[in-house]
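Guided by the hints, dock chain U onto chain P, whose structure is given.
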Amino acid sequence: MKNTRLATDTFFRYLIRFVSLFSVLALAAMLLFVFVQGAEPFLTPTSDSIRLVAQNIPAITVNGTEYVNHSTFIPVDLDSTELRLEFVNRGQPLVIPVQINNEVEKVEDRLSFPAEYAGATTYPEAYTWMLKLPGTIVGLEQSVTILFPEPPYNFFSFLGGQAWRPTHLKLYGILTMIVATIISTFGAVLIGVPLALLAAVLIGEFMPRRLAAIVRSGIDLLAGIPSVVYGFFGLMIIVPLVQRMFDAPSGSSLISAIFILSVMVLPTIVAITITSLQAVPRSWREASLAVGASKMQTAWRVVFPAARSGILAGIILGVSRAIGETMAVILVAGNSPQFPTAFTDSVRTLTATIALEMGYAQGRHSQMLFSVGIVLFIMILILNTIVLRLKKHLTKGL
Amino acid sequence: MKKYIAAALALAFLVFAAAPVLANGEKEGTAAAPAQAYTIEVSGSTSVYPLMEKLAAAYTAANPLITINANGTGSSDGIKAANERTSELGMSSRNLKPAEKGYGMTEVIIAVDAIAAVVHPSNPVANLTLEQIKGIYTGAITDWSQVGGKAGPIAVVSREPGSGTRGAFEEIVGFQDKLVLGAAEFDGTGGVRASVAGNPNAIGYISLGSMTAEVKAVKVEGVEATAANVVNGSFKIARPFVVMYHNDKISPQGKAFLDWAMSAEGQAIVKTSWVPVK
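Residue numbers (the numbering used here), protein chains in the order written: chain P, 50 to 447; chain U, 2 to 279.
Since the hints were made in silico from the structure, they are not lab data.
None of the values given here were measured: they were computed from a predicted structure.
Incorrect hints may appear among the rest.
[Claimed, not checked] Facing chain U, a subset of chain P residues (Cβ under 8 Å, in silico): (1) L81; (2) V153; (3) L196.
[Unchecked claim] Covered, in the sense of this in silico footprint (three residues per stretch, anywhere, with C-beta under 8 Å from a C-beta of chain U), are these stretches of chain P: (4) 126-140; (5) 280-289; (6) 295-302; (7) 357-371; (8) 377-386; (9) 390-397; (10) 402-413.
Ideal Cβ positions, reconstructed from N, Cα and C, are used throughout, including at glycine.
Just chain U, with the same shape it has in the complex:
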């Protein structure tokens, strides 16, 4: 008899140990009244993340009851999380793909971001045409002397397949999925920047919001990569920052945050490094 009791106890012990983990999932379902503490879950693009962090910091300072939990996991991941309703808001640094449009989510463009082609600060090349960039990235141009620089082999640096920045850059420059073999591919803006900063022969591309003095942005078709040039349409390599959600998942608090991000106050924060949409 005691044997069975002991066995039952062992099982009960395990169940209790696992209970907090299992019960965790149920808590989130409770809808919060407006005056209660609330956490907005946001996940997605690593390029949108720096902007989202700034917006969240300003918003939560004014609304102490709200916590914004942002995660930079990648554009596709953010779209998936928003679609599967594991995140209230998803962030993407590219337009939704055809197969993702069919999820039926509401999309809000909160900012526009320019993608700057960057080289090592010691590189004398100051201007490249779209055609030259395409040539470099498809392998037709392999030496800096071919585009007016010092002789030396070009080290092409790119983002990884699926990245929002890469998708937008390839689409606008016009070499979708035709990246030259032998190019270095890094995940994340930081990897590309560090690689270009450490190699006098390298060329890469990063979000304008992530520019630092470690690298030099080249003009594209004679136009400098600045927010103002994106607004007047002369700088062509730009892409939207999209936030998407399902209407049945978003809370009043999440909606209020998004409305605030689109307001003059929120767009003023966007203006610090990105291009506001209003």
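Chain P extracted, bound-state conformation:
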């Protein structure tokens, strides 16, 4: 009998150890993946060679090497000073020498095509040139695309850059989004926290127990509503309302985001505050009332300070929800990466950027979204550290 218990005990002890080991490893692997992806744009160029793509050209010779029916990238050494393209166009053999000058400051001017092809060349995206020649059949144009590797992105132009133009100009500045995230979170806290605390004191201290229990279950229900529902409510009700109230061109704005976020943080903060108010011993209240304090004085001067540790925990959870909120914000904030100068301006938060563009991002753009995630991660770490310090400071007397 005793042995069986020992065996089951050991079984579960090891089960717990293995499970925790696996969870820690999985978490570590995930973080490592995000950090590796997010750090790459700042450490390595997008490729280690110049790459060419030839289309509708059966055979092309690049710097003396012939490629026949080659559909993937043709690599060319980075140190080359000339690209000699030889292929047949409409029955005519062509030789196009393209000069490379890496000393030139402006990237667009680094390649110089022979004068007769000036009309046929374009610069469709940063670091990309395209030579397009008419083919034998309409619609089957021959083209050679030349892709230069993008150098490692400057970390300070990432954090401090004001332009987020990821597709053609390949500019990845996220300062506007950091600012928008901070302002919208701060605004939500400024409106949401006082409301939540007042509501919690009312429900926890002044309402009859039975009514408080009903209201309490209603608040728990609100905390469980998916954020997209809040967002949809915001899009349909708040956004048109804001537009009419402020006579703005569009109601998708910073103020709508702040409003929705402050409503969303309410249930979390209220629920946790009520719980911590109720955890204050009854004898404290009785002692306060016995020395002649009113019910109101007891609530604000005795119960509330005694519960501050729990209340702060509730506020932290609320702030984390506001800073990490994505879906609801996307629907109401307008998502333009600009510095807000008025409350009716369209703004874009960090989380919104990741969610909006992940499905459509490609190459470095997609890695940059991981970098945005890391910035968000670090912001939340900093916030939590500050709040923990504050909590220590506040709860010193308890």
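This is chain U only, laid out in the frame that chain P set:
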């Protein structure tokens, strides 16, 4: 001794729990004979998705052994999935970018789609020139009275960076990556449509296949956004719906489906809301 057995048991328990997840990946490798049930995985553009769904419904009705599993995840995602061979077919609502051309995939244009500039139904503006649209989207024109409408600030609505619809619209109208700051950016056609439908001052753009009566399409350079006008070349804002695959990944069933989509039968379905290519 018992201790070790119990520890080993705990580990075995975990391994068994994880086994179905790990083994799942191996199943897909088995090549199916033509007369067997088969699932074609398709993923990519949310704009192509409605068309792919219609094609899949018609095709699987005629070929009950085939299941077509389509996912609308975004053009770039579809191209990536097809390149990494996690999907048999990828869908894109834009031409492949230079860096994507180099993956060496086979591209098939299954349809052409017009992008309509849309406004609120109450907006009196019925016609805009390309130059005016460019002005609105770059911030040079900010009031409806400047383009012949009622006075009121223009609320510019756009898709998010990287979207196939946005890429094509910006390229054809001519303001690549120069969208005015302050414009509302939404992911998905639905978000743009809902936003324009709810704001009398808004202008947006959506795929012609996703038009509803909630919004009004304006004429561009005097030409209405219709499939017929795309065919005769008078309506300029159009882009291809591309399906791409790697030759070594595509199955006979996937190829047969794609051939069918390009046949008269498949193109007849395309014709319902889009522009057929044959």
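Evaluated hints:
{"no.": "1", "hint": "L81", "result": "20 Å, violated"}
{"no.": "2", "hint": "V153", "result": "21 Å, violated"}
{"no.": "3", "hint": "L196", "result": "6 Å, holds"}
{"no.": "4", "hint": "126-140", "result": "violated (count 0)"}
{"no.": "5", "hint": "280-289", "result": "holds (count 4)"}
{"no.": "6", "hint": "295-302", "result": "holds (count 5)"}
{"no.": "7", "hint": "357-371", "result": "violated (count 0)"}
{"no.": "8", "hint": "377-386", "result": "holds (count 6)"}
{"no.": "9", "hint": "390-397", "result": "holds (count 3)"}
{"no.": "10", "hint": "402-413", "result": "holds (count 9)"}
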